[in-house]
Amino acid sequence: MGKITLRNVQKRFGEAVVIPSLDLDIEDGEFVVFVGPSGCGKSTLLRLIAGLEDVSDGQIMIDGRDATEMPPAKRGLAMVFQSYALYPHMTVKKNIAFPLRMAKMEPQEIERRVSNAAKILNLTNYLDRRPGQLSGGQRQRVAIGRAIVREPAAFLFDEPLSNLDAALRVNMRLEITELHQSLETTMIYVTHDQVEAMTMADKIVVLNAGRIEQVGSPLTLYRNPANLFVAGFIGSPKMNLIEGPEAAKHGATTIGIRPEHIDLSRETGAWQGEVGVSEHLGSDTFLHVHVAGMPTLTVRTGGEFGVHHGDRVWLTPQADKIHRFGADGKAL
Amino acid sequence: MSRRTSASRTLIVTLAAWTIAFLIFFPILWTVLMSFKSEGDAIKAPFAMLFSDWTLQSYADVQERSNYARHFMNSVVISLGSTLVALVIAIPAAWAMAFVPGRRTKDVLMWMLSTKMMPAVGVLIPLYLIFRDTGLLDTRIGLVIVLTLINLPIVVWMLYTYFKEIPGEILEAARMDGATLGSEILYILTPMAVPGIASTLLLNVILAWNEAFWTLQLTTSRAAPLTQFIASYSSPEGLFYAKLSAASTMAIAPILILGWFSQKQLVRGLTFGAVK
Amino acid sequence: MATQHSKTAARLMISPAVILLFLWMIVPLSMTLYFSFLRYNLLMPGMESFTGWDNYYYFLTDPAFSAALTNTILLVVGVLVITVVGGVLLALLLDQPFWGQGIVRVLVIAPFFVMPTVSALVWKNMFMNPVNGMFAHIARGLGLQPFDFLSQAPLASIIGIVAWQWLPFATLILLTALQSLDREQMEAAEMDGASALDRFLHITVPHLTRAITVVVLIQTIFLLGVFAEILVTTNGGPGTASTNITYLVYAQSLLNYDVGGGSAGGIVAVVLANIVAIFLMRMIGKNLDA
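Protein chains in written order, with the numbering used here: chain A, 215 to 546; chain B, 91 to 366; chain C, 1070 to 1359.
It is possible that part of the hints are untrue.
Straight-line Cα separation of at most 27 Å, DSS-like style, residue types lysine-lysine; simulated pairs [to be verified]:
1) C/1076 with A/288
2) A/318 with A/308
3) B/254 with C/1076
4) A/333 with A/307
5) C/1076 with B/134
6) A/288 with A/307
7) A/288 with A/318
8) B/254 with A/308
Rather than coming from a laboratory, the hints here were simulated on the basis of the structure.
Please work from the sequences and hints to get the whole structure.
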């Protein structure tokens, strides 16, 4: 079981208010991602759930029990840290066994669980090594192994992939997702990378300045961003946001259109513009087009679309994909 | 990265460095050489002394005259004892300051350092009287107490700088893994900080071994460590250079060897982590 | 990293050290303060009586005090100058590439590990003795009159002995600081057209300032309390020529058994040390980040 409920949770460091007041329900078995720019309070929120920080006010419930005052060890949660936080003086085996040893478990049971975890994580051949002798990906797996042997109510991940190189990150992303599917345990995952959030989450919590901007499934957030912040944060490349007369035509203060929802033509269209930089990725090409009276627009097109710097092109936004936002930044 | 330096330049630097090093080390070398001479030869002119016969007689005389072994044991017990007690008190304190820093942590550290600045003579009399009245005068335990308190600020500072280098996340991981505060310090922090704790221990043993104010004031014979034992040679009795040399050699040899081992860590310890 | 729980634990863990040091500071110091206002001689027990500021008056007006104060300042400043200047030069030399660096380092650091009583006695007898000392042998070899260092120039001799003990310390710390100097910074300066002298003045010297501050601070702490070197060489003499404050208080209280006068001297020493300490803590506070 791993149902976590936050009620009116607040966090202040002295005068500074990091989290003004926040309510959140995390269901058993969900993969929840906290995403937001750095300094948005997502790591602090995770640490509040872990019990590594005190809440200034409010309540944290884990499986219906009030955990607000519980020390971290008593909450039944396991955490994977950004730096992995492996114990450098212990072998892989001892690292994984440490939480079980602290729980005063029988040696045979410890042995069984450690070898089981090692099998799942492909660490069987490395059990007698020390963390210093492992690669980044292996260290990451040891950290995960140390978390899963405890069979916790929920896993907490604090930006676990940010120290890995790009290729490895994609791999580990898949491994963690698979792990979630096989264990079916609640996972809370903190990241600043919206790609990780989109690919892994059942539910994304977008945070900004300690407030929840929107909660929902990846596609909900993509299709129906509740406000300008979420619109700009989710999706890559970013949604184009246009203000002024063009927005007024749609009865909004700001309109947003994603690069992939703009049709491109050499002959005709709604807006005429001049191509600035074009980024060729092979499968896709991103064009940065200068249109009079608007910010530079990013447009996604097929890999083979042959345009050059200075070419004149016509852009047409797909009518049903235009997002409209009011003066307060909220979606209309 | 390295540049080519001309061989002649290296040669000049080598000569200069070795000459100065030899001059600085010379008094120690001379003392050691003299300790293997007879009293009659020891006071001869340098060359005559150097080429006279070698003997171990002085070492035998010293042992007979002043029971070197007992003073040596006193030094060992006092310096090691005071360092260990200081470590036991300082490890928790340094843990707290390094991992749960508060607004006043820096002030507390500075205050601890400032207690080192209090001149010993300022408290000489009361301490002497307290020791006299409690029977601690000339006892090992008395000196252990005093040297523990004298070196405590340095021990706390050194440990603090070493602990600061251990990432807090690792201790948090242990806490998440269900470790109590005790097991966190015992199973995670202490093993990780072994190199730092070892060099702290080494430096403080050296400082306590060489401490020469309280050891001279508070002991006379029973608990007298090597500092006092050597001071007893300050009033000459006839021919005594060779014996003084032998006694000196024995008093400094153990610590010289320890010191050479620890010289890398020494800088950091002595400068409270300000120079690494 | 801070829950109420861990904060409480931290306070608990820190308190033994703080309480012990606090007691160590305050109990004997207040006793000293109390004694300093008493007429109290160990040879006349039971005769203690309150005398107000008399002890201070006698201690401060005693010509021995002004002599001791001057000697203390000369000793501290003298040793600091010798060790800092010598240390910088020596560190610059040892920072160059040469053969046998490891052994030279070991030889240079050695005097620091020699206990004060040993170094004082070795210098006094084997080197400075006017009859059998090495300097006397050398002087006679050159046809000169041997010089009696400890009676002709007692303070200078003691400064020499103490400087010999502390030169290695200064050298080692300055050398370590030199070696931590960022090479890329030096190379950048060279690319920018700075001459060797410019680089020394504008990069090396500022870099060493911090290390020199630390050397001055730590040596001052120890140098104010020099005792054993004086005790075994000159006993503060001849007269008061080599008596420093520490030695004067010792002599007053444990040689003359004058607890009151000695205590007043102890308090004066504490006040003087605090003046120096305030100075130094300002310096170190800026240079050290806790």
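Going through the hints against the structure:
1. Distance hint between residue 1076 of chain C and residue 288 of chain A is fulfilled; the C-alpha atoms sit about 18 Å from each other, no more than 27 Å.
2. Taking the CA atoms of residue 318 of chain A and residue 308 of chain A, the gap is about 14 Å. The hint holds against a cut of 27 Å.
3. The straight-line distance between the Cα atoms of residue 254 of chain B and residue 1076 of chain C is roughly 17 Å, inside the 27 Å bound, and the hint therefore holds.
4. For the hint pairing residue 333 of chain A with residue 307 of chain A, the CA-to-CA distance comes to about 12 Å; that is within 27 Å, so the pair holds.
5. The suggested pairing of residue 1076 of chain C with residue 134 of chain B is violated, with an alpha-carbon distance near 68 Å, which exceeds 27 Å.
6. Annotation: proposed proximity of residue 288 of chain A to residue 307 of chain A holds, straight-line Cα distance about 23 Å (limit 27 Å).
7. Simply put, residue 288 of chain A and residue 318 of chain A have alpha-carbon atoms about 14 Å apart, close enough for the 27 Å limit, and the pair holds.
8. Of the pairs offered as hints, the one joining residue 254 of chain B and residue 308 of chain A holds, with about 24 Å between alpha carbons and a cut-off of 27 Å not exceeded.
Checked against the numbered hints given earlier, this structure breaks only hint 5.
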